[in-house]
Amino acid sequence: MEGNFFTTKLNYMLGWARKYSLFHYPYITACCGMEYMSTVCSHFDLDRFGAGWTRFSPRQSDLIFVVGTITQKLAPVLKTVYEQMTEPKWVVAFGACAVSGGIYDNYAVLQGIDSIIPVDIYIPGCPPRPETVLDAFIKLQEKIQNQEQEWRWKKRKH
Amino acid sequence: MAMEEKKTLKVLKERFQDKIIETSAHFGDDTLLIEKDSFLEIMTFLKGKPWEYNMLLDLTCVDFLGQEPRFEMVYHLLSLPKNHRLRLKVRLSEKDPAIDSLTSMWENANWLEREAYDMFGIHFKGHPDLRRIFMYDGFEGHPLRKDYPLRKRQPRIPLSK
Numbered sequence: 000m001e002g003n004f005f006t007t008k009l010n011y012m013l014g015w016a017r018k019y020s021l022f023h024y025p026y027i028t029a030c031c032g033m034e035y036m037s038t039v040c041s042h043f044d045l046d047r048f049g050a051g052w053t054r055f056s057p058r059q060s061d062l063i064f065v066v067g068t069i070t071q072k073l074a075p076v077l078k079t080v081y082e083q084m085t086e087p088k089w090v091v092a093f094g095a096c097a098v099s100g101g102i103y104d105n106y107a108v109l110q111g112i113d114s115i116i117p118v119d120i121y122i123p124g125c126p127p128r129p130e131t132v133l134d135a136f137i138k139l140q141e142k143i144q145n146q147e148q149e150w151r152w153k154k155r156k157h
Numbered sequence: 000m001a002m003e004e005k006k007t008l009k010v011l012k013e014r015f016q017d018k019i020i021e022t023s024a025h026f027g028d029d030t031l032l033i034e035k036d037s038f039l040e041i042m043t044f045l046k047g048k049p050w051e052y053n054m055l056l057d058l059t060c061v062d063f064l065g066q067e068p069r070f071e072m073v074y075h076l077l078s079l080p081k082n083h084r085l086r087l088k089v090r091l092s093e094k095d096p097a098i099d100s101l102t103s104m105w106e107n108a109n110w111l112e113r114e115a116y117d118m119f120g121i122h123f124k125g126h127p128d129l130r131r132i133f134m135y136d137g138f139e140g141h142p143l144r145k146d147y148p149l150r151k152r153q154p155r156i157p158l159s160k
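These protein sequences, in sequence, are chains F and W.
For the first sequence, numbering that gives the first Met the number 0 assigns the number 0 to the initial residue and increments by one for each residue that follows.
For the second sequence, numbering that gives the first Met the number 0 assigns the number 0 to the initial residue and increments by one for each residue that follows.
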């Protein structure tokens with residue numbers, strides 16, 4: 000086991016803090032946005048899991064929901080928005096189009112956003128039901144809790 | 000109303016005779032297939048009195064791959080004073096897919112023609128700004144042509160500067 004008692008505990012605490020205070024940025028381009036709305040609003044209520052704060056600026060958010068079809072023309076915009084987000088940051092590909100291009104296997108549509116930005120959780124479905132989104136969100140929280148956290152004065156191996 | 004529609008086609012046929020290749024009135028949709036070289040002349044006539052087709056509703060193209068002439072331009076006109084619609088078709092050959100621009104008569108033809116140029120590669124003579132409207136700069140080919148490969152992938156717009 001690596002690290003001393005302090006850093007492993009800090010790692011755990013940071014993971015715990017981060018997974019319950021996700022500020023998300025909705026990058027919505029298509030009909031999946033309806034499912035996003037019902038997930039976030041009071042019927043399904045994403046706020047129960049600690050992600051109630053929707054930020055409309057990438058600089059204030061650390062989770063981006065890419066909801067809907069991303070076209071080739073929109074790809075640079077998505078990349079820019081991702082780069083504007085502050086660390087640590089996570090990406091959710093929401094719906095079949097963001098995951099793989101969906102039914103749009105053609106000249107205009109990006110075949111999955113993972114060809115331009117790294118994706119943490121893929122949510123399939125056209126569109127996915129809110130329960131699927133909540134399930135994916137809990138899985139993302141597990142991932143955040145168990146991953147290696149970064150902080151400013153952390154000692155790096157290299 | 001039905002009588003009036005038949006009358007429109009009849010009068011146009013008499014006036015332009017051999018410039019009109021074909022007419023049809025299917026469920027009240029009056030359609031004219033006209034010669035390419037008298038296209039602007041007929042359009043100018045239709046826009047003026049007495050018909051007053053003063054609104055260009057839509058303009059698009061159809062690709063009949065394997066046939067000659069290959070392309071068919073379709074124009075939809077609406078006469079607001081007479082409340083009557085008319086569809087005009089013009090066939091364009093594969094070698095020279097060019098037709099006169101309507102931008103001098105209708106402002107909205109500008110973007111519609113840019114769309115037809117982007118998707119089908121039709122050249123509009125006299126268009127003030129004929130460049131792509133949907134696809135990005137550097138995109139090659141015209142994606143709605145039937146011979147454009149379905150799964151062809153092209154280099155994207157550069158992601159970062």
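Treat the hints with caution; some may be incorrect.
To be verified - The following label-pair restraints were derived from C-beta to C-beta distances:
id : chain 1 : residue 1 : chain 2 : residue 2 : range
1  : W       : ASP128    : F       : ALA107    : 33 to 43 Å
2  : W       : ALA97     : F       : GLU149    : 53 to 63 Å
3  : W       : ASN53     : F       : LYS72     : 48 to 58 Å
4  : W       : ARG150    : F       : ARG128    : 28 to 38 Å
5  : F       : GLU147    : W       : GLY65     : 30 to 40 Å
6  : W       : ALA24     : F       : ASP134    : 51 to 61 Å
7  : W       : GLY65     : F       : LYS72     : 30 to 40 Å
8  : W       : PHE15     : F       : ILE102    : 53 to 63 Å
9  : F       : ASP134    : W       : GLY137    : 55 to 65 Å
10 : F       : ILE102    : W       : PHE63     : 25 to 35 Å
11 : W       : ARG131    : F       : THR6      : 21 to 31 Å
12 : W       : LEU149    : F       : TYR11     : 48 to 58 Å
13 : W       : GLY125    : F       : ASP46     : 30 to 40 Å
Everything labelled a hint here was simulated from the structure, so no lab data went into it.
Just so you know, even glycine gets a beta-carbon here, dropped at the ideal spot from N, CA and C.
Going through the hints against the structure:
1. The given range of 33 to 43 Å is broken by ASP128 (chain W) and ALA107 (chain F), whose C-beta atoms sit roughly 22 Å from each other.
2. Between ALA97 (chain W) and GLU149 (chain F), the C-beta spacing of about 59 Å keeps the proposed range 53 to 63 Å intact.
3. Taking 48 to 58 Å as the suggested C-beta distance range, the pair ASN53 (chain W) and LYS72 (chain F) does not conform, at roughly 34 Å.
4. At about 30 Å, the beta-carbon gap between ARG150 (chain W) and ARG128 (chain F) stays in the expected band of 28 to 38 Å.
5. Checking the proposed 30 to 40 Å range against GLU147 (chain F) and GLY65 (chain W) shows it is violated: the Cβ atoms sit about 59 Å from each other.
6. ALA24 (chain W) and ASP134 (chain F) have their C-beta atoms about 58 Å apart, which keeps the hinted 51 to 61 Å range intact.
7. At about 31 Å, the CB distance of GLY65 (chain W) to LYS72 (chain F) agrees with the hint of 30 to 40 Å.
8. At about 45 Å, the CB distance of PHE15 (chain W) to ILE102 (chain F) disagrees with the hint of 53 to 63 Å.
9. Distance hint for ASP134 (chain F) and GLY137 (chain W): a CB-CB separation of about 41 Å, inconsistent with the stated range 55 to 65 Å.
10. For the pair ILE102 (chain F) and PHE63 (chain W), the beta carbons lie near 26 Å from each other, so the given range of 25 to 35 Å is met.
11. Judged by the Cβ atoms, the range 21 to 31 Å given for ARG131 (chain W) and THR6 (chain F) is violated: they are separated by roughly 54 Å.
12. For LEU149 (chain W) and TYR11 (chain F), the hinted distance range of 48 to 58 Å is satisfied, since their beta carbons lie about 50 Å from each other.
13. Distance hint for GLY125 (chain W) and ASP46 (chain F): a CB-CB separation of about 58 Å, inconsistent with the stated range 30 to 40 Å.
Violated hints for the displayed structure, listed by number in ascending order: 1, 3, 5, 8, 9, 11, 13.
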